[in-house]
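Student: Now for the letters of each chain:
Protein chains: 2
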Amino acid sequence: MKLQLAIDLLDQKEAAKLAQEVEEFIDIVEIGTPIVINEGLSAVEYMSKTVNNTQVLADLKIMDAADYEVSQAVKFGADIVTILGVAEDASIKAAVDEARKHGKQLLVDMIAVQDLEKRAKDLDDLGADYIAVHTGYDLQAEGQSPLESLRKVKSVISNSKVAVAGGIKPDTIKDIVAENPDLIIVGGGITNADDPVEAAKQCRAAIEGK
Amino acid sequence: MKLQLAIDLLDQKEAAKLAQEVEEFIDIVEIGTPIVINEGLSAVEYMSKTVNNTQVLADLKIMDAADYEVSQAVKFGADIVTILGVAEDASIKAAVDEARKHGKQLLVDMIAVQDLEKRAKDLDDLGADYIAVHTGYDLQAEGQSPLESLRKVKSVISNSKVAVAGGIKPDTIKDIVAENPDLIIVGGGITNADDPVEAAKQCRAAIEGK
Chain A
1 MKLQLAIDLL
11 DQKEAAKLAQ
21 EVEEFIDIVE
31 IGTPIVINEG
41 LSAVEYMSKT
51 VNNTQVLADL
61 KIMDAADYEV
71 SQAVKFGADI
81 VTILGVAEDA
91 SIKAAVDEAR
101 KHGKQLLVDM
111 IAVQDLEKRA
121 KDLDDLGADY
131 IAVHTGYDLQ
141 AEGQSPLESL
151 RKVKSVISNS
161 KVAVAGGIKP
171 DTIKDIVAEN
181 PDLIIVGGGI
191 TNADDPVEAA
201 KQCRAAIEGK
Chain B
1 MKLQLAIDLL
11 DQKEAAKLAQ
21 EVEEFIDIVE
31 IGTPIVINEG
41 LSAVEYMSKT
51 VNNTQVLADL
61 KIMDAADYEV
71 SQAVKFGADI
81 VTILGVAEDA
91 SIKAAVDEAR
101 KHGKQLLVDM
111 IAVQDLEKRA
121 KDLDDLGADY
131 IAVHTGYDLQ
141 AEGQSPLESL
151 RKVKSVISNS
161 KVAVAGGIKP
171 DTIKDIVAEN
181 PDLIIVGGGI
191 TNADDPVEAA
201 KQCRAAIEGK
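In order, the protein sequences belong to chains A and B. Sequential numbering from 1 applies to the first sequence in this note's numbering. Sequential numbering from 1 applies to the second sequence in this note's numbering.
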């Protein structure tokens, strides 16, 4: 089980500084969509030059021009790139092919996918490296959590790994760990904590069953 | 009927230069998703400071954190911001509210929406300023065009304006004009033309029925 830190609301220098501080506790660091929109792929490049043994995920949420966007993210240092599960199959296929060409990975974000089981099966067949159930900010505000979605997706896939994101915090991560996903993504639960290093340490301990 | 120039594959300075050259023929200039991903919102800001009487559209293709993303785009000079039609209703509502708060407009991109009529009705009710049928690059490669989709959406909406995008060129724009959409979006048909100014002039003439 891997731990990913998602950073959404810092600038690229603050993000890199935070990643350095918690690097011993995480496997993957994510440059979130808001940072990409604010600053572009230079934020991914800066992060990739800052961290040492941590993979960098570029949360592009690709919807079109998939091969071009994957190739750009990889050019700027991304190890993993995201595409939306609601994208057309043609886009998913192009993204999978482009990522493989570079020896990189594709994470499919299931945000707003209506029929989770059906789409997860499709994406498993299409070669997604990760399928990520994700309760976005706008639905977290309505009180939703990704736990039930995680169970649904896990039950139908056989090749892809499963990831989970959406409001996970040090005091709730154990419920997620109990479902045994391949990757747990924590954002504000670490970045907004009074002590982000301590929060990352607690998340690490939880996924190691401590 | 308005004409929008979508610029996807130039850098922000080249994009601003092109916009200046064709400004007399267009109503709206779009900073496309690839430019936003590559360079961030500074590209929107640079464009908004370059053009005079032309509206600037920021093609963010928002999927989450909708109020934050709309507010950021507006802060950097966008007059119109895009959100995906496949996004959750909670995100659409938040984006509509945020755009209205600033006196700006929201364009909903219908790319990859499976049930166009049903979703267009929803979005019409939710207060979208524009509903844009859009055959993306990855489906244009499969030979699809947005003409039939345009007819479907036009037939069901009553409040929103309808826009159309996807592979439209000076020699095909008349078929689109004949359907009388409110906004026609041309990208590569102008930017990749041997003479982009002449191509923009031809598109303008077509929408004025000349």
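Just so you know, these hints were derived from the structure itself, not from any lab. Among the clues, some could well be false.
Below, computed lysine-lysine pairings styled on DSS-like, alpha-carbon distance capped at 25 Å [what the hints assert, rightly or not]:
(1) B:Lys118 x A:Lys118
(2) B:Lys169 x B:Lys152
(3) A:Lys121 x A:Lys161
(4) A:Lys49 x A:Lys2
(5) B:Lys93 x B:Lys13
(6) A:Lys2 x A:Lys174
(7) A:Lys75 x B:Lys13
(8) A:Lys13 x B:Lys118
(9) A:Lys154 x A:Lys75
Student: What hint numbers does the structure not satisfy?
Tutor: The structure conflicts with hints 5, 8 and 9, although it agrees with all the remaining ones.
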